[in-house]
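One-letter residues, chain by chain:
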Amino acid sequence: MSGHDSKYFSTTKKGEIPELKEELNTQYKDKRKDAVKKVIAAMTVGKDVSSLFTDVVNCMQTENLELKKLVYLYLINYAKSQPDLAILAVNTFVKDSQDPNPLIRALAVRTMGCIRVDKITEYLCDPLQRCLKDDDPYVRKTAAICVAKLHDINAELVEDRGFLESLKDLISDNNPMVVANAVAALVEIQDNSARPIFEITSHTLSKLLTALNECTEWGQVFILDALSRYKAADALEAENIVERVTPRLQHANCAVVLSAVKMILQQMEMITSTDVVRNLCKKMAPPLVTLLSAEPEIQYVALRNINLIVQRRPTILAHEIKVFFCKYNDPIYVKMEKLEIMIKLASDRNIDQVLLEFKEYATEVDVDFVRKAVRAIGRCAIKLERAAERCISVLLELIKIKVNYVVQEAIIVIKDIFRRYPNTYESIIATLCESLDTLDEPEAKASMIWIIGEYAERIDNADELLESFLESFPEEPAQVQLQLLTATVKLFLKKPTEGPQQMIQVVLNNATMETDNPDLRDRAYIYWRLLSTDPEAAKDVVLAEKPVISDDSNQLDPSLLDELLANIATLSSVYHKPPETFVTRVKTAAQRTEDDEYAEGSEAGYSESSAHTADGAASPPTSASNVPYAGARQPAPAPSTNPPAALVPDLMGDLLGMDNSAMVPVDQPSTPASPPLPVLLPAATGQGLQISAQLTGQDGQIFYSILFENNSQIPLDGFMIQFNKNSFGLAAAGPLQVPQLLPGTSAATLLPMALFQNMSAGPPSSLLQVAVKNNQQPVWYFNDKISMHVFFTEDGRMERGSFLETWRSLPDSNEVSKDFPGITVNGVEATLDQLAASNMFFIAKRKHATQDVFYFSARMPRGITFLNRTHNSHWNPRHQVCHQDSKP
Amino acid sequence: MPVAASAVYFLNLRGDVLINRLYRDDVGGNMVDAFRTHIMQTKELGTCPVRQIGGCSFFYMRISNVYIVIVVSSNANVACAFKFVVEAVALFKSYFGGAFDEDAIRNNFVLIYELLDEIMDFGYPQNLSPEILKLYITQEGVRSPFSSKPTDKPVPNATLQVTGAVGWRREGLVYKKNEVFLDIVESVNLLMSSKGNVLRCDVTGKVLMKCFLSGMPDLKLGLNDKIGLEKESQLKSRPAKSGKTIELDDVTFHQCVNLTRFNSEKTVSFVPPDGEFELMKYRITEGVNLPFRVLPTIKELGRTRMEVNVKVKSVFGAKMFALGVVIKIPVPKQTAKTSFQVSSGRAKYNAAIDCIVWKIRKFPGQTEPTMSAEVELISTMTEKKSWTRPPIQMEFQVPMFTASGLRVRFLKVWEKSGYNTVEWVRYITKAGSYEIRC
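These protein sequences, in sequence, are chains W and L.
Residue 1 is where the first sequence starts when you use full-length UniProt numbering, and the numbers rise one by one after that.
Residue 1 is where the second sequence starts when you use full-length UniProt numbering, and the numbers rise one by one after that.
Be careful, since some hints might not be right.
[Stated by the list, open to error] In silico negatives: residues of chain W with every beta carbon more than 12 Å from chain L: (1) E19; (2) Q61; (3) Q353; (4) I504; (5) A544; (6) P678; (7) T745; (8) N775; (9) P778; (10) Y781; (11) A836.
[As the list claims (entries may be wrong)] With the C-beta cut set under 8 Å, the calculated list includes, among others, these residues of chain W facing chain L: (12) K37; (13) Y300; (14) P558; (15) S572.
Rather than coming from a laboratory, the hints here were simulated on the basis of the structure.
Idealized CB from N, CA, C, for every residue including glycine.
Excised from the complex, chain L in its bound form:
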């Protein structure tokens, strides 16, 4: 059954019900007590997000200081349920203007009730697009760009749009200046062994768009990816242009992209929602340009002393630079004293996370700053187990750099009124889980 939920509960960390909605009769209203006693108050919390208690199953997720719990008693579609929660939270955030937490729920409970009634019916998820819902569910909490003040009168054709083929865009939008902003945001995930071997490396990228376009425009996006280029040269029967082509392992698209056309013609064509949205996600494992190399040497000198040397090499173009670089070098729990020398940035010992945190605000390409630290340890007799050496973790952002080498070749906008559009493209590469074992 594609049913996703019989009831939804929002709980705070103590287990108080902030808001709840029963969609079906097959679970009792007091099921949340079972969740509280059998999951929240036990060590089980966090061990498994899907649990069966008695005749009911519970799926739960924690988002900031709120637990969202779905209860079912049938063989429900779990994937659908979790995705529903994720989407619902995104929807609430777009209504509240950012934060989703206990206070936001209390402050908007009427609105949430109204939304819960609309986005799910009898346990079946309905339309969750914020764009469309904002047309007719308007509360004080909304920061709607369209309606300057909330009205009780619904937009006349709202219902048609909720159910329409283009269920994510309303008609009749007008902008003075037609603009499209396109951001390619890549996260590099790396797992490197202590010897410098790459164990796992991939890039997950997102194409984020912000559209301020009038009417019902048709957009077409071209990237320098291999399949797209090959198909294109096939169609135009001319050899593919030389230059770097990127092989995408997998692509997923926002629901506005015509998947059938992508499958047959390999073009990304779509009618975009208004405002900000995530057009596509992709994953690349081959030919990833790692922006940083980390070379750690950690020596344990006897029981009470350690020497840590870390060299970080930036391997992108010399004219580029990375921002907000943070390198977290783990040290044992019983660290007593640390002293460092850094050739760039600042380092600090953070006892709360048992790490030396080395920050470099601006990190130019083709440089290799170093840090050397001496760590003194309290000698303990009880600590029989040796130190497990968690990996070094790194955070960074490199603007105008893509680890995959992906580039936008064109973005065509076509609308029947034939207006001109201005397109802006940005690239940025961030650290995903960038770990180096030591």
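Okay, chain W solo, but in the shape it has when bound:
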């Protein structure tokens, strides 16, 4: 017989609340219970019944467990809105926590922990203390979780009252469920606090592994998740742990299996024996495959995780590709994930089978799935060279079906295949051109236009084909316009006949005059100028050989992959994002403690000094006491050379090329002329004189590399240069030697520079003001930025020990930090080499939780030392720069 609670949802129209109030205060127990049920029903559908608080609480003192539970439920929901009245319930709670019935004791503690009212929390401590030592394991396991609740409300209280110790004692409890809950609570408290609270030693490890055999499935998940943080001391220990965890792979609960997989993968990193690793991989495959027969939602979670696992250990499922074949009735999200894994597992051995599948999918109903299937064929072609031809023939077959979106998707991937295998499959272009008029999506159109432009010489009617697009040029999306522009230029360069010449006029006109899109306009101007000045150069630029592409789409960066693998089964592994990116409550405190191990003392002032930076940047310090280096400045008789903290990040930014939003290599000092110098005085403002210049360092000497270009109609001579006072005291160390410049010629020169000549007072900055004059024109003033790396000397390398010492000895106020969002570093090694080439020396690299931390040192003349710490994570590189002045 099932319940009939639905009757409680229907109430009479007239004055519901007063009626309930009356019923709640009746003397009949049954009626009271019904009334409470009605209140709960009203609460469920979202009515506000908080005004009945006192009346409901009055029903609390009852022997009836069911009624008690309902009242407690009401309290959890409304105590926060009625904190003063909630205190009325405290007495009953405390009394209940001493009830002879363990169910009631546990219920009282459980509920009190859910009521987040400060006054109640205070009363919670004593009952909780008692319950943690209760005779009944059911009460203890409830109390263990309650400590985590209390910690969430008031962390200090937990520490002051010694709950953490009691909780740690429970790890040795004889009841496995108590152990599991205590572990869960400790892990959570650790996650939320700065101090190390719960560290898994080899002793706790063995205790927990024993408990694993006996506790419930959920308890096993808690324990496995906690243990996956444990780092085995050596390969032998790792093997022992793994051996005790592998039986969990046979558990029917998918969460247990995934947590076990996580733990095994973590320990496998330590294991050196290839036999053991191979054996483990063999053991993990079947349970992972079995997850695919669970509910579709669980399958989805499993597939997202398998995607990560095969990226790290492709061998695990190398032979299981068939299990990822899509079933007709799989939900779309499962199909999409399966497809992704099929691409990852595709190899020369199984590609024929895989292609048959993809082809089948490409004729299904769901458009997104069909598109992805077509794209998958293209990605396999790019990945597997030997199978490329077969992939292409499948794509051509699909194009013949003439389903619009299939054709468009196929053309997009064929463009990539052309790039991957140049001069191999161009014979199919004719087939592609047949479907030209069916294209209506920007990406497909752009791809087709790219193909026409790229192979213009092989397509007889390339000009006609392109012309058909030109009519609608102004209406096309930007992506297509850009491609049309480039393709037309290519066509013109390859077939410089009359037709293309007219076309190019039309396109350039359209792209320069008629558009508001700066990208398009700029590109058009560049082409225009290239074509009008030097068509051969234009050929070199536009028709240059392109680098071969590879299929790296959907491959994760190794260190991100590491992190995600440590988070198997969690949201992070499903999103393929590190937890910090989506968890709102960011716990930075935990990282700080780890940092201290390396550079103690420096951390404490970190937040403070960064705040200082912000101040300094907002309003330049006016009084000396505001400048962090004021202390160092006063005893020095010479004008100060110390850039204040606020300046450093900017310089570091320039140094590392941050302004370009990529960590690009610093210009090689030995070849100052090779990369183009930044234009400081454009010809338009200089009456035809264009000046490009940059500071460079060479053999410990600083030069100002300048390029003069005379675009005016008259010869220019008698060049002179002057530098304004600046923070580094940069000045010319010799006269500027530039010959007479005839119209249309240019001259480059290296001007030797000296430091500490004309120091500026006032707030330091990286600004360098330059004046240049000649005999024919007025004086030109322009600004340059000082890149600090040119000052760094070659003796800037420090020993690790002395680095550490110096780091520690620095006053906190010397430290500044700055975040550079949106920066990506490609290839750590290469970047380090480049930095070393500019005398920025790499000291050490450490890894903690989510980031790599790099330490650098550099030295400027007169013994100014820079210590630099770079937190480099994928989403948020943070540069902390510490500066020291070693002068007296």
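We have chain W already, so just place chain L on it with the hints.
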């Protein structure tokens, strides 16, 4: 963090909250509105079961006409969360006596609140075994075999059992007649190409048990699987008996099975829960005996006519028979008229699913009935895209047949009182997703 949930919502298809429980403070009470506006009322519904909206993540599942939504704001264990939902629904079903839907929730909301309080604490799943919970959470909705009428007094040692090492069985059970029923239920999943090549084929099997045993019995199950047999012959140092051995790709067990012992000795030993439960699941991909072969020929004769011929061959023993055989043969949407001839059973055109549905109630082994149909189509100009030809799907049950060939060799019951037990074993093979492309 092993946390699975900050809040659980049960919604009906319109998005009304049927019942909800907030376990943690880190998600607001109105998060369900976000779910409604950003997922339920958009096309996103059904595209992905894990979604992030603002600072919160939502995991949801639909079960009959109810959406169960879990909200978290931390890096929660998703696998744990979904498994929790699945288990919780199984628990509710066992309390309500079968159905889980909107009405069942409304009718049992007090009970559900009580259970939600018990099975999860602060977002951490606790004991979800129906056996144990029924000891002390007893409501009118319960059909408890143990307590004839609901009482408010809890069983004295209930709490010990919730947390005990055998958290799935209560002590002191007594049956007059000790019986064990064991069912091996196999689902055959097949994907066959139009040319008759097997693309994918596997069997997922379940061993279901119903135990009516007194006391705390220790059970041991022996199957004719390869690893188990090899280990056994090793231990007894005698050659393995000839006969068919089955290689199991993977096995998973109910939490009552001692996994460590399975790992070392390869024996399935356990203290069973009382009543019905799923002892183990297994998967087999090698050496599957397909019970049916389907040979379709579909000819499109011009734009408006189609000819469909389907032959179905039963390849199990002549003395056996299959029950409830249904073969769904897809036809295009614009089908106007169909006519068929069948050598056995009955066929019907079902326009709702665009299929010809051919049913054969009793299908003996070693026979091959055929169906031939003519389909007339409405000629349409708009239908530019060719027909995608979904696969033929098949449903069936074959009693006393296992597609894997798996057999129970022994089931030993040991209890300290030394009573005798009666064991019953049944086998049945069903169609899982049995698809033949055409």
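Going through the hints against the structure:
no.	hint	in the structure
1	E19	20 Å, holds
2	Q61	15 Å, holds
3	Q353	8 Å, violated
4	I504	37 Å, holds
5	A544	42 Å, holds
6	P678	42 Å, holds
7	T745	60 Å, holds
8	N775	66 Å, holds
9	P778	59 Å, holds
10	Y781	51 Å, holds
11	A836	38 Å, holds
12	K37	6 Å, holds
13	Y300	6 Å, holds
14	P558	21 Å, violated
15	S572	5 Å, holds
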